[in-house]
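Construct all of the structure, not just a fragment, from the sequences and the given hints.
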Amino acid sequence: MENIVIKPLIKPLGDSAVTLEWPSDISPEINLLVRESARKIDSAKIYGIIEIVPAYRTLTIFYSPFDISYEQLHDRVILIDFSSEKTRKTEKNIVRIPVVYGGEYGADLAYAAEFCKMSIDDFIILHSSPEYFVYMIGFMPGFPYLGGLDERLYIPRLQKPRVTVPQGSVAIGGVMTGIYPLKSPGGWHIIGRTPLKLFDKKNESKPFLLKAGDYIKFVPIEERSFTDYD
Amino acid sequence: MTEIKVLKTGTQTTIQDRGRYGFQSYGVSPSGAMDSYAHRIANLLVGNNLFEAVFEICLSGCELEFSDDCVIALTGANLSPTLNGLSLPMWRTHFIQKHSRLSFGRIITGCRSYLAAAGGLDLPTFLNSQSYYERADIGQKLKNGALIEIKKPKAPLNSLIGRLIPPKHIPLYKSNINIRVIMGPQDDYFTEQGIKTFLSSKYTLTKDCDRMGYRLEGKKIEFAGASEIISDSLTLGSIQIPGNGKPIIMMADRQTTGGYPKIANVITADIPLLAQAKPGDSIEFTSVSVREAQSVLKIIRY
Numbered sequence: 001m002e003n004i005v006i007k008p009l010i011k012p013l014g015d016s017a018v019t020l021e022w023p024s025d026i027s028p029e030i031n032l033l034v035r036e037s038a039r040k041i042d043s044a045k046i047y048g049i050i051e052i053v054p055a056y057r058t059l060t061i062f063y064s065p066f067d068i069s070y071e072q073l074h075d076r077v078i079l080i081d082f083s084s085e086k087t088r089k090t091e092k093n094i095v096r097i098p099v100v101y102g103g104e105y106g107a108d109l110a111y112a113a114e115f116c117k118m119s120i121d122d123f124i125i126l127h128s129s130p131e132y133f134v135y136m137i138g139f140m141p142g143f144p145y146l147g148g149l150d151e152r153l154y155i156p157r158l159q160k161p162r163v164t165v166p167q168g169s170v171a172i173g174g175v176m177t178g179i180y181p182l183k184s185p186g187g188w189h190i191i192g193r194t195p196l197k198l199f200d201k202k203n204e205s206k207p208f209l210l211k212a213g214d215y216i217k218f219v220p221i222e223e224r225s226f227t228d229y230d
Numbered sequence: 001m002t003e004i005k006v007l008k009t010g011t012q013t014t015i016q017d018r019g020r021y022g023f024q025s026y027g028v029s030p031s032g033a034m035d036s037y038a039h040r041i042a043n044l045l046v047g048n049n050l051f052e053a054v055f056e057i058c059l060s061g062c063e064l065e066f067s068d069d070c071v072i073a074l075t076g077a078n079l080s081p082t083l084n085g086l087s088l089p090m091w092r093t094h095f096i097q098k099h100s101r102l103s104f105g106r107i108i109t110g111c112r113s114y115l116a117a118a119g120g121l122d123l124p125t126f127l128n129s130q131s132y133y134e135r136a137d138i139g140q141k142l143k144n145g146a147l148i149e150i151k152k153p154k155a156p157l158n159s160l161i162g163r164l165i166p167p168k169h170i171p172l173y174k175s176n177i178n179i180r181v182i183m184g185p186q187d188d189y190f191t192e193q194g195i196k197t198f199l200s201s202k203y204t205l206t207k208d209c210d211r212m213g214y215r216l217e218g219k220k221i222e223f224a225g226a227s228e229i230i231s232d233s234l235t236l237g238s239i240q241i242p243g244n245g246k247p248i249i250m251m252a253d254r255q256t257t258g259g260y261p262k263i264a265n266v267i268t269a270d271i272p273l274l275a276q277a278k279p280g281d282s283i284e285f286t287s288v289s290v291r292e293a294q295s296v297l298k299i300i301r302y
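Residue numbers (my numbering), protein chains in the order written: chain A, 1 to 230; chain B, 1 to 302.
Read the hints as simulated data drawn from the structure, not as lab findings. As the structure is a prediction and not an experimental result, all values here were calculated from the model. Hints may contain errors.
As the list claims (entries may be wrong) - Away from chain A, derived, C-beta distances all over 12 angstroms, residues of chain B:
#1 Gly85
#2 Ser87
#3 Leu127
#4 Arg135
#5 Asp137
#6 Leu147
#7 Ile165
#8 Lys168
#9 Arg180
#10 Gly218
#11 Glu222
#12 Leu236
#13 Lys262
#14 Lys298
What the hints assert, rightly or not - Covered stretches of chain A, going by a simulated chain B footprint (3 or more residues, C-beta under 8 angstroms):
#15 14-22
#16 140-146
Idealized CB from N, CA, C, for every residue including glycine.
In structure tokens form, the structure reads like this:
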């Protein structure tokens, strides 16, 4: 990968957080740079930092102003070399997500296929072909912000969001596709459901299935196989 | 072992401690006590570790019963607490006799009351915290009939009686408040007029105010152009402006990321005051520097 030497802008987010912003479009390369930068800041072991959270093209440092002031943190952070690592080959972590498309698990699939002017089978093929990139986890525990949705599958969000979307629902809204880790209100079109738990509160040592930087692949399965994953 | 029985949860009663940090990269909201000042003073009074878990009692209807003797303190909002029918003074410790009942009635001032028991609450942690997070149903949910055990206090109960907070350290909760903010990081998404509107108008808390966030009503804030950003992290007190131009202040159970421009962020020192605001109250915002916000914190030593 080409060596990226864009320096981030540093802005306060209130008095207990700081956001570093890379002025750029969304891309997996910039996202990797953000996550590498988060690791570098973490390695600097700056006293007072509570946690570092990466997003699409920004990262936010949460700190205790009793342990370090904004100026002190700013001065430590600007000393860090954020240029990207040369020819760093990272192994792709591809997580397979079994999905039952349509039927009672995907109430909006038929509408979505019709809107996109294609058959349901073609819709499923286009949705399940790409390896989607996980840019970040946010919004609710375990929720992945995915990149790579085929533009032929773009559909505007629901005019009237649903009050409840079942846990595990796979959905499309606007230019995004995603999976609801929890039962939640939702304005996206539900096209299927996965039996996997993106957030498993019964497994405290490993409650999260996905992390930023992973890839996911939707794998169509039969409805009768849904319970195989319990 | 003394147990606190929840006879009625009322509007909203949850267990809260300092909060759940370290997992925002996985979308886990920090949660924790909304009014961190009242939280810590309650624990200070009963001789607990300052960040021990407490009951956060919001607005009306909560009723609790104590199975055995204990020492408690109640801080925060005055929700007309009565013990066995008699008015219970706040911001001081009380020896509670076996089978006593604590009830809450009319809302006098504030929004959230904090109940600490000497010894702390015996509850498991999930991801390092005992705080309840409703969205993901993490932590101990309090339903009618729930029994919460109090841990054995380090000091004998008798030594904790008669402790009180001097009046000068007891905050006054008003229905019109001034909240200091640090501008940005996306204040450049608004026109000069928009910023002026934000800093000079009175905003009212709508009934859509809860632990996740406060939706405000008032003059629309004018955008300079786009009304959405590439989603990024927010923090406690972040003020998002969605397309309709009306502010939303992100609170303890907020979602960890947002796609609306953040015009400003409430300073940490003013969060406890904000936590005691309720629907119908009004807010005016004042801009301060990060330096000023941090020096205020050092003075009151949070």
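Status of the hints after comparison with the structure:
At roughly 40 angstroms from the closest C-beta of chain A, the C-beta of glycine 85/B stays outside 12 angstroms, upholding its exclusion from the interface. Every beta carbon of chain A lies more than 12 angstroms from that of serine 87/B, the smallest distance being close to 37 angstroms; the non-interface claim holds. With a least CB separation of 7 angstroms from chain A, leucine 127/B falls inside the 12 angstroms interface cut-off, contrary to its annotation. Not every beta carbon of chain A lies more than 12 angstroms from that of arginine 135/B, the smallest distance being close to 6 angstroms; the non-interface claim is violated.
Non-interface call for aspartate 137/B relative to chain A: violated, since the shortest CB-CB distance, roughly 7 angstroms, does not exceed 12 angstroms. For leucine 147/B, the shortest C-beta to C-beta distance to chain A comes to about 21 angstroms, beyond the 12 angstroms cut-off, and the non-interface label holds. Chain A leaves isoleucine 165/B outside its interface by the beta-carbon criterion, the shortest separation being 22 angstroms against a cut-off of 12 angstroms. Here lysine 168/B stays apart from chain A, with its beta-carbon at least about 23 angstroms from theirs, past the 12 angstroms limit.
Annotated as non-interface, arginine 180/B brings its C-beta within 12 angstroms of a C-beta of chain A; the closest such distance is 10 angstroms. Annotated as non-interface, glycine 218/B keeps its C-beta farther than 12 angstroms from every C-beta of chain A; the closest such distance is 21 angstroms. Every Cβ of chain A is farther than 12 angstroms from the Cβ of glutamate 222/B; the closest lies at roughly 21 angstroms, confirming the non-interface assignment. With a minimum CB-CB distance of about 8 angstroms to chain A, leucine 236/B fails to clear the 12 angstroms threshold, and the non-interface call is violated.
Consistency note on lysine 262/B: stated as away from chain A, yet its beta-carbon is not over 12 angstroms from all of that chain's, at 7 angstroms minimum. Lysine 298/B, annotated as away from the interface, has a beta carbon of chain A within 12 angstroms; the closest lies near 7 angstroms. Beta-carbon proximity to chain B at under 8 angstroms applies to 6 residues in the segment 14-22 of chain A; the threshold of 3 is reached and the given coverage holds. With 5 residues carrying a beta carbon less than 8 angstroms from a beta carbon of chain B, the segment 140-146 of chain A meets the three-residue requirement, and the given coverage holds.
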